[in-house]
Amino acid sequence: MDYSIKKAVLTFSSDIYFWQRDAEKLRGFFTKLYTDENLFHNHGKEKEYIYRMPLIQYKVIEGKLVVVGINEGADLVRNEFLKHKVLQIGDDQIVEFETQLDLRLEELKVTDELYSYRFETPWLPINQKNISDYRKGKLDLDRVLTNNILTVFKGIKIEADKKIMVKGEYEERKIKMKDIIVTGFVGNFVSNVKIPDFLGIGNRGSSGFGCVVKK
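Yeah, the sequence shown ends on 215 if you go by my numbering, and it's all consecutive.
Among the hints, a few may not be true.
[Unchecked claim] Distance ranges between label pairs, derived from CB positions:
#, residue 1, residue 2, range
1, I181, D140, 19 to 27 Å
2, E62, S116, 35 to 43 Å
3, M165, T31, 21 to 29 Å
4, K176, D15, 38 to 46 Å
5, T151, G187, 17 to 25 Å
6, G187, Y34, 28 to 36 Å
7, E80, E169, 34 to 42 Å
8, E62, G187, 14 to 22 Å
9, L101, S132, 18 to 26 Å
10, L114, T31, 36 to 44 Å
11, E96, G137, 17 to 25 Å
12, L33, E62, 20 to 28 Å
13, E171, R21, 30 to 38 Å
[As the list claims (entries may be wrong)] With a cut-off of at most 25 Å between alpha-carbon atoms, the simulated PhoX-like pairs for lysine-lysine come out as follows:
#, residue 1, residue 2
14, K174, K109
15, K162, K214
16, K64, K129
17, K64, K174
18, K162, K25
19, K83, K129
Hints in this document: simulated from the structure, not taken from any laboratory.
Heads up, the beta-carbon is just placed ideally off N, CA and C, and yes, glycines get one too.
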């Protein structure tokens with residue numbers, strides 16, 4: 001069985017320090033440029049939402065704007081994103097920046113080994129189905145993360161051929177998104193899944209949340 005995925009990581013470096021909220025602005029910029037290509041934004045021609053693993057993800061890592069592409073998303077990042085000499089981030093036009101593109105093949109695979117990870121950006125595990133359990137203090141975050149990882153396997157069309165194991169330590173964070181406050185978590189976890197760095201897991205992965213890196 002082939003467990004390999006193609007991954008492109010495009011980093012925009014400038015003198016400006018960006019914040020997590022700027023990932024959504026970066027996503028909005030490219031969404032407007034590529035309205036006919038739903039891989040960039042997960043919306044169809046009639047603006048209906050397409051439910052799937054986002055194959056292009058927009059992030060802020062260490063103050064830098066980053067775009068991660070997976071499989072066909074990696075091809076689009078390589079072929080299209082490098083063309084742009086100007087970035088529009090909200091009201092700010094960014095013209096002085098350098099780009100660095102990292103292309104590689106990695107594995108997404110359930111193994112017999114354990115790997116340690118941390119959330120580089122807050123993970124958003126709470127949704128309408130589990131919010132009641134969360135409010136009652138009954139939400140098993142390890143189980144939710146396991147299901148989130150399984151969703152990644154399904155989205156990239158790789159079979160998880162062994163039982164996924166997860167054990168984590170999580171710290172709650174309140175995150176302001178526009179006019180609402182949502183609950184997220186930071187922390188570390190151990191799993192028997194080999195996960196490529198900078199992959200987004202959980203809700204709003206396309207906007208930079210739930211970004212996982214190996215410790």
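Pair hint K64 and K174, alpha-carbon separation not exceeding 25 Å: Judged against 25 Å, a Cα distance of about 22 Å means the pair holds.
Range hint 36 to 44 Å (beta carbons of L114 and T31) holds or violated: 38 Å, holds
Distance restraint evaluation - L101, S132, Cβ atoms, bounds 18 to 26 Å: At roughly 44 Å between Cβ atoms, S132 and L101 fall outside 18 to 26 Å, so the hint is violated.
Outcome of range test on Cβ distance (I181, D140; 19 to 27 Å): 23 Å, holds
G187 and T151 - C-beta distance against the hinted 17 to 25 Å: 19 Å, holds
K83 paired with K129 [C-alpha distance capped at 25 Å]: Given that 25 Å is the threshold and the Cα spacing comes to 41 Å, the pair is violated.
Restraint check for K64 with K129, where alpha carbons must lie at most 25 Å apart: 34 Å, violated
Outcome for the supplied range 38 to 46 Å, where the beta carbon pair is K176 and D15: 26 Å, violated
25 Å Cα cutoff - pair K162, K214: 21 Å, holds
Cβ separation of E80 and E169, checked against the hinted range 34 to 42 Å: 39 Å, holds
30 to 38 Å as the expected CB spacing between R21 and E171, which holds or is violated: 20 Å, violated
Range hint compliance [Cβ, M165 to T31, 21 to 29 Å]: For M165 and T31 the Cβ distance comes to about 37 Å; the hint is violated.
When the structure is compared with the earlier hints, violations turn up for hints 2, 3, 4, 9, 11, 13, 14, 16, 18 and 19 and for no others.
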